[in-house]
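K.L.:
Residue numbers (the working numbering), protein chains in the order written: chain C, 1 to 143; chain P, 1 to 143; chain R, 1 to 143; chain V, 1 to 143; chain Z, 1 to 143; chain U, 1 to 143.
Do not take every clue at face value.
Keeping only pairs whose Cα atoms sit at most 30 Å apart, straight-line, the calculated DSS-like set for lysine-lysine is [what the hints assert, rightly or not]:
1) P:K125 x V:K52
2) C:K140 x U:K66
3) U:K27 x Z:K52
4) U:K73 x U:K52
5) P:K125 x P:K140
6) U:K73 x C:K125
7) C:K112 x Z:K27
8) P:K125 x P:K108
9) Z:K52 x R:K112
10) P:K52 x R:K52
11) U:K112 x U:K52
12) Z:K34 x Z:K108
13) U:K112 x Z:K52
14) Z:K66 x Z:K140
15) R:K52 x V:K73
16) V:K52 x P:K52
17) V:K125 x R:K140
18) C:K112 x C:K52
19) C:K108 x U:K112
20) C:K27 x C:K112
21) V:K52 x V:K140
22) C:K27 x U:K66
23) U:K125 x Z:K140
Sample of chain Z residues at the chain U side, in silico, Cβ under 7 Å [said to hold, decoys possible]:
24) G2
25) V89
26) F91
For each label pair, taking beta carbons as the anchor points, the in silico distance ranges come out as [said to hold, decoys possible]:
27) V:K108 x P:Q70: 27 to 35 Å
28) C:K112 x U:R93: 49 to 57 Å
29) P:S24 x U:G2: 43 to 51 Å
30) U:E130 x V:G2: 31 to 39 Å
31) P:W23 x R:E78: 15 to 23 Å
None of these hints come from the bench; they were simulated from the model. All values derive from a computational prediction rather than experimental measurement. Beta carbons: idealized from backbone N, C-alpha and C, even for Gly.
Each chain, letter by letter, is given below.
There are 6 protein chains.
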Amino acid sequence: MGTCYITRRETFNAAHKLWREDWSQEKNDEVFGKCSNHNWHGHNFILFVTVKGLPNPDTGFVINLKELSQIIKELIIEPLDHKNMNLDVPFLRDILASTENLVIEMWKILEKPIYLAGGELAKIKLIETENNFVEYFGGKEPF
Amino acid sequence: MGTCYITRRETFNAAHKLWREDWSQEKNDEVFGKCSNHNWHGHNFILFVTVKGLPNPDTGFVINLKELSQIIKELIIEPLDHKNMNLDVPFLRDILASTENLVIEMWKILEKPIYLAGGELAKIKLIETENNFVEYFGGKEPF
Amino acid sequence: MGTCYITRRETFNAAHKLWREDWSQEKNDEVFGKCSNHNWHGHNFILFVTVKGLPNPDTGFVINLKELSQIIKELIIEPLDHKNMNLDVPFLRDILASTENLVIEMWKILEKPIYLAGGELAKIKLIETENNFVEYFGGKEPF
Amino acid sequence: MGTCYITRRETFNAAHKLWREDWSQEKNDEVFGKCSNHNWHGHNFILFVTVKGLPNPDTGFVINLKELSQIIKELIIEPLDHKNMNLDVPFLRDILASTENLVIEMWKILEKPIYLAGGELAKIKLIETENNFVEYFGGKEPF
Amino acid sequence: MGTCYITRRETFNAAHKLWREDWSQEKNDEVFGKCSNHNWHGHNFILFVTVKGLPNPDTGFVINLKELSQIIKELIIEPLDHKNMNLDVPFLRDILASTENLVIEMWKILEKPIYLAGGELAKIKLIETENNFVEYFGGKEPF
Amino acid sequence: MGTCYITRRETFNAAHKLWREDWSQEKNDEVFGKCSNHNWHGHNFILFVTVKGLPNPDTGFVINLKELSQIIKELIIEPLDHKNMNLDVPFLRDILASTENLVIEMWKILEKPIYLAGGELAKIKLIETENNFVEYFGGKEPF
Chain C
1 MGTCYITRRE TFNAAHKLWR EDWSQEKNDE VFGKCSNHNW HGHNFILFVT VKGLPNPDTG
61 FVINLKELSQ IIKELIIEPL DHKNMNLDVP FLRDILASTE NLVIEMWKIL EKPIYLAGGE
121 LAKIKLIETE NNFVEYFGGK EPF
Chain P
1 MGTCYITRRE TFNAAHKLWR EDWSQEKNDE VFGKCSNHNW HGHNFILFVT VKGLPNPDTG
61 FVINLKELSQ IIKELIIEPL DHKNMNLDVP FLRDILASTE NLVIEMWKIL EKPIYLAGGE
121 LAKIKLIETE NNFVEYFGGK EPF
Chain R
1 MGTCYITRRE TFNAAHKLWR EDWSQEKNDE VFGKCSNHNW HGHNFILFVT VKGLPNPDTG
61 FVINLKELSQ IIKELIIEPL DHKNMNLDVP FLRDILASTE NLVIEMWKIL EKPIYLAGGE
121 LAKIKLIETE NNFVEYFGGK EPF
Chain V
1 MGTCYITRRE TFNAAHKLWR EDWSQEKNDE VFGKCSNHNW HGHNFILFVT VKGLPNPDTG
61 FVINLKELSQ IIKELIIEPL DHKNMNLDVP FLRDILASTE NLVIEMWKIL EKPIYLAGGE
121 LAKIKLIETE NNFVEYFGGK EPF
Chain Z
1 MGTCYITRRE TFNAAHKLWR EDWSQEKNDE VFGKCSNHNW HGHNFILFVT VKGLPNPDTG
61 FVINLKELSQ IIKELIIEPL DHKNMNLDVP FLRDILASTE NLVIEMWKIL EKPIYLAGGE
121 LAKIKLIETE NNFVEYFGGK EPF
Chain U
1 MGTCYITRRE TFNAAHKLWR EDWSQEKNDE VFGKCSNHNW HGHNFILFVT VKGLPNPDTG
61 FVINLKELSQ IIKELIIEPL DHKNMNLDVP FLRDILASTE NLVIEMWKIL EKPIYLAGGE
121 LAKIKLIETE NNFVEYFGGK EPF
């Protein structure tokens with residue numbers, strides 16, 4: 001018997017823009033392209049949270065998915081779903097809402113509650129559109 | 001040989017909210033739920049435009065998909081992609097940005113250019129999230 | 001402005017078998033193949049419920065999707081999800097659990113509550129596997 | 001009880017080009033674009049065949065899907081899968097391999113065998129890429 | 001030239017429940033939730049088997065996918081497809097049918113036959129629903 | 001803050017066959033099966049290119065996706081899309097067009113331009129059909 005990786009999918013819909021106040025409109029447009037639109041745009045984000053561990057011999061579970069889902073929903077989905085990332089979300093204040101920065105902030109929030117639930121956070125994957133997504137392993141470089 | 005229906009898929013990402021200025025916050029919340037969030041939210045919209053007709057004997061085409069794609073991109077995708085539906089889109093001014101209203105406005109815009117390109121607009125389908133979409137047949141009721 | 005068709009997706013996971021008590025094992029195997037396995041098998045079913053109507057001028061909605069989702073969840077998903085169709089589901093008692101029969105029974109259950117919510121049930125689609133699904137229009141034959 | 005529509009999905013991978021011998025290279029390029037490449041290109045085609053009818057009271061089936069699948073595989077998939085549509089497929093000889101023409105030829109081939117198996121062919125849908133597909137109802141115009 | 005990872009997808013539909021005979025109904029319900037339903041429920045499982053190795057210079061293949069598919073179908077799909085995991089499957093006797101335990105048992109079965117076919121089993125991924133899946137690397141912890 | 005992995009999806013449609021001139025027809029059929037069809041077949045290929053790195057503090061980006069997309073389109077998609085891999089593609093000359101060999105050749109082409117754009121190529125994944133795909137990490141063996 002050995003370490004398994006179990007993944008839970010959750011979704012949220014949010015508005016954001018990529019924009020730096022300390023840059024000109026031109027600079028913002030040049031770097032962020034259409035994502036810099038002043039009045040925001042939005043996405044259906046798809047989030048995958050992966051937890052690793054040995055299956056519990058009594059339950060066959062690395063972690064109870066119902067509990068994992070509750071942690072993700074309370075700490076990530078509720079603050080983000082049907083919100084504006086740049087204006088409404090406390091844990092994203094003063095953070096450029098790139099997909100890379102999002103997964104890093106999510107890791108900081110999820111790591112300890114998942115540990116307290118008996119699991120080890122191993123990976124966060126966030127799909128922004130069908131054409132791009134980001135994966136984060138807590139800074140580890142598995143490949 | 002008979003009538004075929006050909007469909008082109010295009011995508012856009014946009015912010016919107018469902019909100020009536022003439023209603024209280026409470027009324028907006030009650031009717032529109034999370035979609036009424038004041039600072040907007042957003043989606044990856046997926047649009048399917050269906051054109052019907054007899055295949056041209058010379059080309060085997062009901063309509064040239066390259067031409068159909070150009071019409072959709074110019075008239076629908078460019079005004080909407082990476083935009084705020086409530087603030088940035090001329091053809092949605094003063095229109096509640098429900099999915100139903102979106103497809104009706106898109107029909108008005110696409111019907112004639114597709115006709116001039118030799119086709120007949122038959123259906124518009126707009127997917128807002130993986131859990132809901134709207135179809136419109138120009139007011140016809142096929143079922 | 002004209003009639004729109006709005007669709008809500010819901011999912012459930014259930015066990016079933018295709019089996020007639022009044023047939024021999026051989027006859028059951030011959031007609032139902034692997035689906036006749038005595039100890040059941042199961043599927044992740046995906047259900048699409050389509051409601052037609054004119055968008056309400058005040059809300060832009062054919063029907064409020066939150067309300068539609070509640071109707072489907074209460075009347076269809078809760079009785080079926082994580083259940084055995086042949087043993088646990090009152091509205092399927094004495095009914096062969098083919099996908100065709102499922103959508104017909106669902107129609108009978110959903111038609112009136114959706115009408116009372118201000119909509120008109122137009123179509124039920126039930127996906128059993130990635131390779132087969134059934135559509136039902138209340139007996140209408142749109143094509 | 002009423003008419004149901006049951007659909008079977010099958011897949012095939014094939015090469016083709018859109019090209020007319022009686023046109024110049026320039027004319028072919030202008031009309032067919034990249035699809036006119038002299039040495040062919042190819043697709044993973046996804047085929048959906050829909051059969052309508054009343055469920056048989058003994059089986060709950062409009063048509064036995066195993067039988068439907070065998071008909072499609074024998075008559076459509078085997079001649080097309082891992083083949084060149086322009087060179088290898090008898091039923092496409094001298095036919096421009098547009099998606100429209102493909103579904104019309106498939107209808108001619110499938111209609112009678114499905115009728116003999118007790119069903120009525122109602123619709124063929126052929127997905128060529130994630131961005132385009134064709135639907136055919138035997139020449140009927142349901143919308 | 002270097003090590004490649006090739007993956008084959010196979011599917012099966014099965015019934016199961018999560019249930020311990022040595023626990024009370026209450027304890028089973030508390031831990032396993034809806035998955036403890038006495039009469040079983042079921043899923044469309046999607047299995048991905050990944051084999052690593054250097055491509056053979058003569059064939060360009062890490063492993064012949066036809067051979068890999070045959071191994072998976074004979075040893076995993078046939079015993080599981082349209083079966084009840086708790087009652088019908090010899091290699092799952094006395095094993096709690098959690099997704100974690102399933103991939104561990106599949107690894108034990110597939111490792112040697114794949115080795116004898118010239119490949120090295122590198123990963124098994126099993127999707128139970130669109131919202132959860134498990135990955136297993138033979139006990140290795142790549143991240 | 002730590003290393004993130006960002007992935008861009010691109011697609012292309014191409015014809016190919018698996019065939020060795022120095023083998024008999026029988027040997028080609030035996031090893032390559034239907035893929036050896038003399039007149040080619042084809043696929044809708046889906047390509048995922050993953051780049052790793054620390055997010056730039058000014059932009060939040062590991063790499064600008066617009067720039068990454070341009071690199072992939074210019075060097076991989078344009079030479080391959082709507083082409084015959086065996087006849088039309090300079091970087092595949094004299095190379096057996098197995099999926100394994102394709103990703104290895106793509107790596108050689110993409111590694112340096114991505115490095116010059118400030119990123120580090122970490123993984124290439126190429127989906128040939130819904131049932132098989134290959135992953136390549138530049139020869140590394142992460143698992």
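K.L.:
Indicate, hint by hint, whether the structure satisfies it.
P.N.:
Each hint tested on the structure:
1. Annotation: proposed proximity of K125 (chain P) to K52 (chain V) holds, straight-line Cα distance about 23 Å (limit 30 Å).
2. Annotation: proposed proximity of K140 (chain C) to K66 (chain U) holds, straight-line Cα distance about 26 Å (limit 30 Å).
3. Between K27 (chain U) and K52 (chain Z) the CA atoms are separated by roughly 25 Å; this keeps the pair inside 30 Å, and the hint holds.
4. Annotation: proposed proximity of K73 (chain U) to K52 (chain U) holds, straight-line Cα distance about 19 Å (limit 30 Å).
5. Proximity of K125 (chain P) to K140 (chain P) is assessed by CA-CA distance (about 14 Å); at most 30 Å being required, the pair is judged to hold.
6. Among the hinted pairs, K73 (chain U) with K125 (chain C) is consistent with the structure: their alpha-carbon atoms are about 24 Å apart, no more than 30 Å.
7. Of the pairs offered as hints, the one joining K112 (chain C) and K27 (chain Z) holds, with about 27 Å between alpha carbons and a cut-off of 30 Å not exceeded.
8. Distance hint between K125 (chain P) and K108 (chain P) is fulfilled; the C-alpha atoms sit about 14 Å from each other, no more than 30 Å.
9. As the CA atoms of K52 (chain Z) and K112 (chain R) are separated by approximately 56 Å, the hinted pair breaks the 30 Å bound.
10. Using a Cα cut-off of 30 Å, the hinted pair K52 (chain P) and K52 (chain R) holds, with the two alpha carbons roughly 22 Å apart.
11. Taken as a hint, the K112 (chain U) and K52 (chain U) pair is honoured in the structure, with Cα atoms around 14 Å apart against an allowance of 30 Å.
12. The hinted pair formed by K34 (chain Z) and K108 (chain Z) meets the criterion: a straight-line CA distance of about 29 Å does not exceed 30 Å.
13. A hinted pair counts as satisfied when its Cα atoms are at most 30 Å apart, and K112 (chain U) with K52 (chain Z) qualifies at roughly 25 Å.
14. For a cut-off of 30 Å, the pair hint linking K66 (chain Z) to K140 (chain Z) stands: about 27 Å separates their Cα positions.
15. For the suggested pair K52 (chain R) and K73 (chain V), the alpha carbons sit about 36 Å apart, so the restraint of at most 30 Å is broken.
16. A hinted pair counts as satisfied when its Cα atoms are at most 30 Å apart, and K52 (chain V) with K52 (chain P) qualifies at roughly 22 Å.
17. A threshold of 30 Å between alpha carbons decides the hint, and for K125 (chain V) with K140 (chain R) the separation of about 20 Å falls inside it, so the pair holds.
18. A distance of roughly 14 Å separates the Cα atoms of K112 (chain C) and K52 (chain C); the hinted pair therefore holds under the 30 Å criterion.
19. Restraint check for K108 (chain C) and K112 (chain U): not satisfied, since their Cα atoms lie roughly 33 Å apart, outside the 30 Å limit.
20. Of the pairs offered as hints, the one joining K27 (chain C) and K112 (chain C) is violated, with about 38 Å between alpha carbons and a cut-off of 30 Å exceeded.
21. Only pairs whose Cα atoms come within 30 Å are accepted, and K52 (chain V) paired with K140 (chain V) is accepted, the gap being roughly 14 Å.
22. Restraint check for K27 (chain C) and K66 (chain U): the C-alpha separation of about 15 Å stays at or below 30 Å, so the hint holds.
23. For the hint pairing K125 (chain U) with K140 (chain Z), the CA-to-CA distance comes to about 21 Å; that is within 30 Å, so the pair holds.
24. Here the hint on G2 (chain Z) is kept, as its CB sits about 2 Å from the closest CB of chain U, short of 7 Å.
25. Interface restraint check: V89 (chain Z) against chain U, minimum CB-CB distance 23 Å, threshold 7 Å, status violated.
26. For F91 (chain Z), the interface hint is violated, the least distance from its beta-carbon to any beta-carbon of chain U being 24 Å, above 7 Å.
27. The supplied range of 27 to 35 Å is met by K108 (chain V) and Q70 (chain P), whose beta-carbon atoms lie about 33 Å from each other.
28. A beta carbon spacing of about 55 Å between K112 (chain C) and R93 (chain U) agrees with the range 49 to 57 Å that was offered as a hint.
29. For the pair S24 (chain P) and G2 (chain U), the beta carbons lie near 46 Å from each other, so the given range of 43 to 51 Å is met.
30. With their beta carbons about 34 Å apart, E130 (chain U) and G2 (chain V) fall inside the hinted range of 31 to 39 Å.
31. Our hint of 15 to 23 Å for W23 (chain P) and E78 (chain R) is violated, since their Cβ atoms are close to 33 Å apart.
Hint compliance for this structure: hints 9, 15, 19, 20, 25, 26 and 31 are broken, all remaining hints hold.
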